Every structure is written in C-alpha cells, then in structure tokens.
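Below are the chains, spelled out letter by letter.
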Amino acid sequence: MSDENRRMWSELGLNLRAHDQLLSVLSNAYQDIYLSQQNRPESTSYFDDVMSEIHGQRIQELMREKQQGRKIVGSYCVFVPEEIVQAANATLVGLCSGADFAEEEVEKYLPRNTCSLIKSSLGFKLGRVCPFLEGSDMIVGENTCDGKKKFYETLSDLVPNMYVMDLPQMKSQQGRQMLRSEFYRFLEAMQDLTGFQVDATALRNGIRMVNEKRKAIHRLQSLRTADPAPISGLDALLANQIFLYEDPRRFAREVHKICDELEQRIERGEGVFPANAPRILVSGCPMAVPNWKVPHIVESAGAVIVGEESCVGERGNRNTTEEEGESLEELMEAVVDRYFGIDCAIFTPNPDRTEHILDMAKRYRADGVIHYGLQFCQPYLMESFGVEKSLEDKGIPVLRLETDYSQEDSGQLQTRVEAFLELLK
Amino acid sequence: MQHHYQSLQEIDRIRDHALLHLEQAREQGSKIVGIYCIFAPGELIRAAGCIPVGLCGKKEDPIPEAETVLPANLCPLIKSSYGYAATDTCPYFAQADMVLGESTCDGKIKMFELLNEIKHCRILHLPPTSRTDSGLRYWYREILKLKDFLEDWTGQRISHTAVRREISRSNRIGRTLWEIGGTCQWDHPPLSGSEMMRIFEANSSTPYPESLRYYADRLLQEVASRRRSTNGTASRPRILLTGSPVGSGSDKVLQLLEQLGAQAVALENCTGLKSLYRNIREDCSDPLHALAERYLQTPCPCMTPNANRFNFIRDLVRQFRIQGVVDLSWQSCQPYSVESSTLSRMIRERLNLSYLHLETDYSNSDTEQLRTRLQAFLELIEDNA
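Chains as they are written, first to last, in this note's numbering: chain S, 17 to 441; chain W, 126 to 510.
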C-alpha cells in the first residue's frame, strides 16, 4: 500500500484500520478464488490489476477527476442512467455492497431479516470503508424493492448528499411516463450538481461512451456461447462487476483485448474447462464484489458458468441506447426506452424476465440453471418458483439456492450443487 | 358474545351476518369486489354498483398450503391471504367476482401474480411516494383507469353524482367510527381495543355500512350516557398499537396486552384508525381527484418517505395520552420492520415514551415469550408513571 493511498483514504474519512482488514480479506479471497484458477486467459491479468488497485488507483483517478471539476456520482442499481451522468460531466460508480461489514452496527438500523446486499450497503457506510461512497458528490438511491426503499430513508440521515429516484412497477404507458419524468428530474439534478448544461451533443457523447463499454461486454458474453467455454464464469462475473466502476474507456479497450484472446482460443478449440463440463446459467439476485461464493462453488465442482441473468450481468448490461436522435428530447426518449426494458423483479407482472432466461439458456447452451436468491429478497425469491416451473416445462433442470453473504452454508451449498451437477450428466 | 352495550351486540351481529348479506346481495345481481387493503377506493367500487369486501388473511390455517408455492420467508398475512384463496376456504373470496389488488409491498405484488391464476385480479399501481405532484398524477390516472374498468365490467356508467354520494356516505361513517375511537381518549375508555377492532372489522366486511352507521351512532349515545366521571387516576397503562395489520385470528398481541391489564386505547394500524384517517373532500369539482388525493395520503410505509405515519402517531400519542407504543411487524414484513428503527427513535428520543418493537407471525409458538416481553414493558411504564 503506498503512502499516497493511505493519505487519500484518510482524507476521505475512512476508518483505516477496518479498511486495512477489509483489503486483506479481499486480497486473500481473490488469491484463493481467482488466482488459483487453472488455464485462465493471459489477458485477464487486467482484472488482477484492477482488483489489486480497487480502492487505490481507481480512487486516485476519481479524485483527480474531482480536482478537475468533474463530479462523482455513486449508485446502487442499474436503473441509474449512466448516460445522463456522463453527459452532465460526471462519473458514475457502483457502490460497495458485496460483503458483510459492521454487522452489529447495521442491526441497530435494519432488521435482521433484510437481504445481505442492503445490509452490506449500510455496513460499508457505518464502517467507513467504501472510498467510492465517501468520495461521491451525490449518492443516488432508487425506489426498487421495499428493503431498499426504506433503507434509503435511513441512509439519507447518514450522508449529506442523498438523491432518491422513483421507479414504476408496471410496464405500461403510464409506467414509462413515470420513468421518463423521473429521468428528466434526474437530468435537472445532475445539471444542478455539476453546473453543466446538457445538450444533445453532450448526451449523445454520454450514450456513445456507455454503449462502447456495453458493446465490449456484449462481445465477451457472446464468446461464452462457444463450447468449450473460453473463459470461466468467475472471470466473466468479474468483468461484469468492474463494469460498474472502472473507467469506461479503459474497460472497453481491455475487455476487447480479452475478447481477441478468447477468439483465438475458440479457434483452437481450447476451453477453460474440459469440453464435457456441464454448462450452467446463473439467474437471480446481483452479485457485487467480492460476492463470488456460489460461482466459486459451482466451478470448483467442475461445471462452467456460461451466463449471468442478473443486474451484474445480462439483465443490467444488455441492450445499447439508440444514438441516432437529433435533439436532446429524442435522445432522452432513447435513454428512457433502454432502461424501461430492464426486467427487474420489482415489475409486475414480469414475464419478460422469464423469456430472457429461456432465451439465455438456449443461446448459451446451458445444461441447467441455478437460481440464485438472497435470503429475504422477496421479489426474486417469489419469482423463482415461476421461473423454475417455466424452465422445467422446457426440460431445463433448475436448482434454486437461497443464501446470504456468510460462508456458513458453503458446505451445504456445495453438496446441493454437486448433486445437481450429477443430475445433469 | 354478551356486551355491556346493546348496540355493540348489534354491530357484532352485522359482522357475523356479513357473509349472508353478501350472498343475498349477489343473488340480487350485485357484483362483489374482493379487496385486501385500505388503498382500494371503496367509494368508487360502490358508485359502480358493486360491493367491496375485505378478504381473509388473518389466520394461520392455510399457511402450510401456501408455502408450497411461496417462500417461507414471507409475511404471514400474504401467505395466509394466498393460502385461503388457494384452498378455497375464504367464503368472501368465494363470493368475490374479482379481486382488486394493489402494489403496496413486494410480497403482495408478486402474490397477486399467483392469485390471478385463481381469480381475476386487477392491480392498482401506487407510486412509491405521496409527496410529489407526479406521484399524485400517476395515482389519479390509476383511479381513472379503475373507473373505466368498472364501467366496462358492469356495463354501467359511473356518474360524478354517484361518486359524490358514496364519498359523503363514507365520510359520515368514517366520522362516526372516528368518534367512537375517540371515546378511548377518556380517562376510562368505554371500549376495549378488541371491541374497537371488531367494530372496524364489521365496517370492512358488511355490504350495508349504513346499518352499521346506525348502530354506531346508537353506540356513541350509549357510551356517552354511561360515561363515568373522572377520578384522575388512570391506573392501567395507555398503549398505542401500531405496525402491520391485525384482525380476528391475528390479534395475539392485542389479547396479550389486555390480559396483562393494559389498555390498547389507540389501534393505529390499517385495520384500525389508519383507515379512518381520511376525510375525503366533498367540495371538489372532480370527486375522483378528491378520492385520489385522500387515498394517496394513507400513512402506509410503502410510501417513501412516510412522514404521514409519524405525524399521525404523534397526534394520536397526544390525543390519547399514550404512555407506551407497541410496534408490531409481521415476520418478513420489510416496510414496517425497516421503518421501526426510525419510529423507535421518534418515540423514545423525541416523545420520551417507552417503545417496544415485536416481530412475530400468526403461530402461537412464541406467545409466552411475547407475554414476558410485554409484561416487562408494561412494568417499565408503570415504574415511570
């Protein structure tokens, strides 16, 4: 750790001791889970670099951006339109929510029966260990599920710069209208924050930049349809995770390099796992860094994960935003259209998600689907029953898992996953 | 059940006969709309010539059946509601021609997707906030869409006059019930919390609220004529019960409070005073807008932020001279349980009162544990008094 980093963390108000512990846990987990993988594509060393500097170099970059007058906006959800943030001369970063932290403190604010992701978001704040959050000029919450909606009320008492966006729960004209008016309200808020007037050119540039990084990840995803799969699910998940806070230009460039290597691998018929490894699609709740628990169990058991139907995955990054509009209004409509297509389980009914899972299972040639549910996440847990039925009707085996961020149930999960993989053979 | 007030017996009878009356009304051609929530605008349903009726969801019996298709980590109210429908054991559900659901919490919106496979289920979509104009516009359009739907469904036009008539009726009943609730502000509350609960239940199940109002008025006269003079020593702790909905079958906390000698003088929940919180404007040129405005202000934690609930509780604490607040969350009911930490701070720090948060379900497995906790809580209040 450089002194420069420590000085920066201290200026950001981090609890250095707790933060050191966090980084050491993170680095050990990365060693054990990522660096122990066999047969990784060489170009994934990019991920190693990013992860080793997750709270270092990237934060330094963001601080430099701030010095140059840009603003940093933190978010917890893929409904926050990055195009608008970029257009207003600000940078969007995903905030930490992938590990348990300061659990005792968290339980003073939130009931125990809250999903790990929400508890983690608060834990990182209360423990003062998320430099992305502490460095943000604005934190955007969104009224998705009950837990988050209420959690943002709590968080707004703890941070000075909370902004909450409303979301509709239905895919109707009226629902779209609500999203549209909320995106316009957000545009205003962003302009107020940065003092930068967004015009058509600025928004188009924002759209293009975000589209470029989406195209890179789309390319990566499409290469995973190959059999044998050229990259592990763990590495692909990591790409999806750092997608949310890496520098977008560098991300696109580096991921394309990885794709070049993967194409060569596919040409040689070379996979990361043996050709007969069961192919698994994971669907359900998002997995934020360093939540690698279930993919690690699945791939250690000899299967390969070929796709993620998740916010940190294809649900979050699929579809680009139409760039062709002339006026600001036309471009805004395109942004609204793109985000209104996200099939989050807070929508009712939400048949598009099931369609998407079926489509992904087919496209990625999955032998089975693992539905990943976080305990107490009602929207996804409730949908999991219907999803299971729809998939099984099509002859696709499903394993429904319900877990949290602790490691206590790892052994049990491992047994269930292994039994499921047996069934697929 | 024998009562010290004769009109209360009549009210009980109205509640007990609600199903019979519903069947009769249906035979005479009325359509029945089943509802689960006080966001469903009964006035509009009645103006369409239909009858709204609250559906079952307060008992544990059908929960095991519900858990075959719903996660166990779901609030008992939703599991029970779905279970009753799936096992065809709710007689009101059987009478209902359709269900009007509402997008309050995550659990319910997903449950309605499943319920729709059993009976046609139309969802009223709520905005996540009641504080903005755009929230109100969104909700007003939902009300308009519901009106269009009801007109198509019944083949009957809904006139403004009819809506106004129903608003004025419902305001009258609401005011009477509110006055009855208000008698518990007296030093010697004439009615117990359980009695209040039964009166509110009669209101949500009877197809004839006018006859309820008649006896409610009589009840008011009865209690007033027998009002005891104040002796200044109100010895039993005056409790406000808030949180998730409570009703016959899911009233174990209320019963425990009364067994332990406390007076639940104010039931703040949806099944209690919260449903009477609204007095709908009658001077509005567009009565549908008046409905939308008032319903959206319902102090439900599905709204964020939910200042209305905090203000409402603060008012009740003052009016009913509350000494302690019991906040009940059904297990896995996220909106109420997450809001409890904010409520706890307000009650303890700003109002300087005792506060107890309970989380439980419909089973009786924790009754003794709850009893011990409530006992300790009440002793604390008595010590402070």
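Worth flagging that the hints you see were computed from the coordinates, not collected in a lab.
Incorrect hints may appear among the rest.
[Stated by the list, open to error] Taking lysine-lysine pairs in the DSS-like style, the calculated list, with each CA pair at most 30 angstroms apart, reads:
no., chain 1, residue 1, chain 2, residue 2
1, W, 184, W, 244
2, W, 184, S, 410
3, S, 441, S, 378
4, W, 377, W, 272
5, S, 82, S, 124
6, W, 184, S, 187
7, W, 377, W, 156
8, S, 410, S, 441
9, S, 187, S, 405
10, W, 244, W, 272
11, W, 184, S, 405
12, W, 244, S, 405
13, S, 405, S, 441
14, S, 441, S, 231
15, S, 187, S, 231
16, S, 273, S, 378
17, S, 187, W, 156
18, W, 272, W, 156
19, S, 82, S, 231
20, S, 124, W, 377
21, S, 405, S, 378
22, S, 124, S, 231
23, S, 187, W, 377
24, W, 244, S, 187
Since we're looking at a predicted model, the values are computed, not measured.
Straight-line Cα separation of residue 244 of chain W and residue 187 of chain S no greater than 30 angstroms?
Holds, because 22 angstroms separates the two Cα atoms, which is no more than 30 angstroms.
Pairwise hint evaluation, residue 441 of chain S against residue 405 of chain S, where the allowed Cα distance is 30 angstroms at most
21 angstroms, holds
For the pair we were handed, residue 184 of chain W and residue 187 of chain S, check the Cα-Cα distance against 30 angstroms.
The given pair, whose Cα atoms are some 34 angstroms apart, is violated under the 30 angstroms limit.
Compare the distance between the alpha carbons of residue 272 of chain W and residue 156 of chain W with 30 angstroms, and conclude whether the hinted pair is satisfied.
15 angstroms, holds
Please verify whether residue 82 of chain S and residue 231 of chain S have alpha carbons no more than 30 angstroms apart.
Holds. Residue 82 of chain S to residue 231 of chain S sits at ~27 angstroms (cutoff 30 angstroms).
Would you mind confirming whether the straight-line C-alpha gap from residue 184 of chain W to residue 405 of chain S stays at or under 30 angstroms?
Since the Cα atoms of residue 184 of chain W and residue 405 of chain S sit roughly 28 angstroms apart, the hinted pair holds (cutoff 30 angstroms).
Within 30 angstroms, alpha carbon to alpha carbon, are residue 244 of chain W and residue 405 of chain S?
20 angstroms, holds
Restraint status (C-alpha distance of residue 124 of chain S to residue 231 of chain S at most 30 angstroms)
43 angstroms, violated
Satisfaction of hint between residue 244 of chain W and residue 184 of chain W, Cα-Cα up to 30 angstroms:
21 angstroms, holds
Between residue 441 of chain S and residue 231 of chain S, does the CA-CA distance stay at or below 30 angstroms?
Cα-Cα ~34 angstroms, so violated.
Check the hint pairing residue 441 of chain S with residue 378 of chain S against an upper bound of 30 angstroms on the C-alpha distance.
Distance of about 18 angstroms is within 30 angstroms: holds.
Does residue 410 of chain S pair with residue 441 of chain S here, judged by a C-alpha cut-off of 30 angstroms?
Given pair residue 410 of chain S, residue 441 of chain S holds - Cα atoms ~18 angstroms apart, limit 30 angstroms.
Hints 2, 4, 5, 6, 7, 14, 22 and 23 from the earlier list are contradicted by this structure; the remaining hints agree with it.
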